[in-house]
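Novice: Hey, can you work out the whole structure from these sequences and the hints?
Quick note on this note's numbering: the sequence shown kicks off at 285 and runs consecutively.
Quick caveat, the hints were computed from the structure, so don't treat them as lab data. Glycine included, C-beta positions come from ideal geometry on N, C-alpha and C. Keep in mind that the hints are not guaranteed to be accurate.
Restraint ranges, calculated between C-beta atoms of paired labels, are given here [as the list claims (entries may be wrong)]:
1. T310 to A335: 35 to 43 Å
2. T310 to L340: 40 to 48 Å
3. N338 to A309: 40 to 48 Å
4. T310 to V348: 30 to 38 Å
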Amino acid sequence: MLLTDFIIFVLSLWVGFEVISKVPATLHTPLMSAANSIHGIVLAGAMVIVATANNLVGYILAFVAVAFASMNV
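Specialist: This is the structure:
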């Protein structure tokens, strides 16, 4: 279960970084709503991790995932 939580956490970080880094500076303002919706999806995934966590490390990873995802929502 811990490995699954960690994989979801790492994949959400990777997807978020890849999506945001591909946006050119000139398109940043028009695409902010799309970026916020992506962060909302990452936040929903982090809350799934919170619901399925069953040990301390899972709770810590879930907290970090929720904190990072909610920074830009």
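Novice: Going through the earlier hints one by one, which of them does the structure break, listed in rising order?
Specialist: none
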